[in-house]
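Below are the chains, spelled out letter by letter.
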Amino acid sequence: MKNDVIICRCQEVTEQEIIDAIRDGASTVDGVKRRTRACMGLCQGKTCERLIERIIARETGKNPAEILPNNARMPARPITVGLFRDKEGE
Amino acid sequence: MRKITTDIAIVGAGSAGLCAAYQARSAGAEVLVIDENHRPGGQLFKQLHKFFGSSAHRAGTRGYVIGRELLERVEKSGVTVWLDSVVYGMEKDRSIGVIHDGENIVVDAKKVIVATGAKENYMAFPGSTLPGVMGAGAAQTMVNINRVLPGKRIVMLGSGNVGLIVSYQLMQAGADVLAIVEAAPKIGGYGVHAGKIRRAGVPILVGHTITRAIGEKEVEKVEIAEVDDHFRPIPGTEQIIEADTICLAVGLNPMTELLWMAGCRFCFIPAFGGHVPMHDANMETTVQGLYVAGDVTGVEEASSAMEEGNLAGVSAAASLGLLTFEAAEERRKEILGRLDTLRSGMFGERRRTAKEKQLAETAAYEAGRRE
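As they're listed, the protein sequences go chains U and G.
Using the numbering used here, read the first sequence as starting at 8 and increasing by one per residue.
Using the numbering used here, read the second sequence as starting at 81 and increasing by one per residue.
Worth flagging that the hints you see were computed from the coordinates, not collected in a lab.
C-beta: ideal position from N, C-alpha, C; glycine also.
Treat the hints with care, since some could be wrong.
[Stated by the list, open to error] What follows is a list of derived Cβ distance ranges for each label pair:
| id | chain 1 | residue 1 | chain 2 | residue 2 | range |
| --- | --- | --- | --- | --- | --- |
| 1 | G | Lys130 | U | Asn10 | 40 to 50 angstroms |
| 2 | U | Ile86 | G | Val272 | 37 to 47 angstroms |
| 3 | G | Arg142 | U | Arg41 | 46 to 56 angstroms |
| 4 | G | Glu322 | U | Arg92 | 30 to 40 angstroms |
| 5 | G | Gly448 | U | Asp37 | 20 to 30 angstroms |
| 6 | G | Tyr270 | U | Leu90 | 43 to 53 angstroms |
| 7 | G | Gly275 | U | Asp27 | 41 to 51 angstroms |
| 8 | U | Asp37 | G | Glu171 | 17 to 27 angstroms |
| 9 | U | Asp27 | G | Gly140 | 29 to 39 angstroms |
| 10 | G | Ala440 | U | Gly68 | 55 to 65 angstroms |
| 11 | U | Glu73 | G | Ala440 | 11 to 21 angstroms |
| 12 | G | Thr433 | U | Met47 | 29 to 39 angstroms |
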């Protein structure tokens, strides 16, 4: 039914997969992220995170105030690993 | 990895960041502003329409003119601005990781002001990842900044001010806006904007939503339907509109990743876009020396963002001892007075209540921490 709605476009995760993850016990965005890879693509959840929060609230009845965004980690923007190498290439 | 130091580092060169920079620099601070975009000004240069409000807030002046004047002031004041520079993270000690000119640089500033703004909300439906579906703000950037028309036949979802203004600007740029679709029973934005749209013959369909985007490789058709009291589509009410573009104007949410990384405390205020950083009347967060301003503190509009920027700039400079307590208080009083005007009236009242709640939650948290 919900297989035709893509929630995380970077990792191509459908609404049904998000719902399945919640039924599997995920009750946070991080929980959904670990099970489905949603929020782990190029945009790091900038598009899907809000949608996932809303699906969790709907499916679990949890108060939206208690559904936090996924754990923010560096890098907040896509950057190449090579930039962390020092100039001499050491 | 190179390390540099400065008095005040500001992330984001939009309305709030530029005002903060100007205030801090005027007080004598060494200021570095960092922005990931090619040009400074944030969303200001997209605003071709005239601003509302009082004369103190340049009512009747077009947004990009305000942006140009602000930028000139900032440039003359001797602020350093790094463009095309990505802030990829912040540590608990408030040091910032930046990629500038192809180099990884750590900026260690005595005070940091985060003015990263907000990002667009999205909506998912079958076909919502087809090319041709985009945020209304993205469409506005394409038309007003890059001078590229995103499509010819447009359906706008959302009748708030963003949906209404962007629809009008797309029409001015030569596109046909076929309909504005709004799930709520009434139009969200100002009557003056909605009037312009209606006089141009564009239907605003309240109590409707988009249920599907149809197309092989891109949007070719849009299916809309009426919604019930719980915003669920009513079967049998579907209509098809032949369109090539869907713009989503369904709200914004604060871009807060750096603040979470730094360990700021948050509170939940739906009117501001969800989880927002706690901050006091001086715009300082629960992390000492870390300030916020503009939409990142809760989504409002450009004039409030500028005033919050002014406030953060003055406060950060004062905490460095660059302004006397009296001088800082006097400026803060003026700014707060103007902010108060912005947060009043039919449309401002909701934002005032939200801001009061945010300040009260911060005060309660700080009181608990001192005990």
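query: Lying within 11 to 21 angstroms: is that true of the beta-carbon distance U:Glu73 to G:Ala440?
result: holds (19 angstroms)
For the range 40 to 50 angstroms, tell me whether the beta carbons of G:Lys130 and U:Asn10 fit it or not. Roughly 47 angstroms apart at Cβ, these two residues keep to the hinted range, so it holds.
(Q) 37 to 47 angstroms was suggested as the range; check whether the CB atoms of U:Ile86 and G:Val272 agree with it. (A) holds (43 angstroms)
I want to verify a distance hint. Is the separation of the beta carbons of G:Gly448 and U:Asp37 within 20 to 30 angstroms? Distance hint for G:Gly448, U:Asp37 holds at roughly 26 angstroms.
Check: Would you say the C-beta atoms of U:Asp37 and G:Glu171 sit inside 17 to 27 angstroms of each other?
Finding: holds (21 angstroms)
- [ ] Note whether the CB distance of U:Asp27 and G:Gly140 lies within 29 to 39 angstroms or breaks it.
- [x] For G:Gly140 against U:Asp27, whose Cβ atoms are near 54 angstroms apart, the range 29 to 39 angstroms is violated.
Do G:Gly275 and U:Asp27 keep their Cβ atoms within the hinted range of 41 to 51 angstroms? Given about 47 angstroms between the Cβ atoms, the range holds.
message: Quick check: does the Cβ-Cβ distance between G:Glu322 and U:Arg92 fall within 30 to 40 angstroms?
response: violated (52 angstroms)
ask   = Is 43 to 53 angstroms a correct range for the gap between the Cβ atoms of G:Tyr270 and U:Leu90?
value = At 45 angstroms between Cβs, range holds.
**Request:** May I ask you to test the hint 55 to 65 angstroms on the CB atoms belonging to G:Ala440 and U:Gly68?
**Result:** With Cβ atoms ~27 angstroms apart, the hint is violated.
Verdict for G:Thr433, U:Met47 (Cβ pair) under range 29 to 39 angstroms:
holds (37 angstroms)
| message | If I claimed the Cβ atoms of G:Arg142 and U:Arg41 lie 46 to 56 angstroms apart, would that claim hold in this structure? | response | Since the Cβ atoms of G:Arg142 and U:Arg41 sit about 47 angstroms apart, the hinted range of 46 to 56 angstroms holds.
The structure does not agree with the numbered hints 4, 9, 10 stated previously, though it agrees with the rest.
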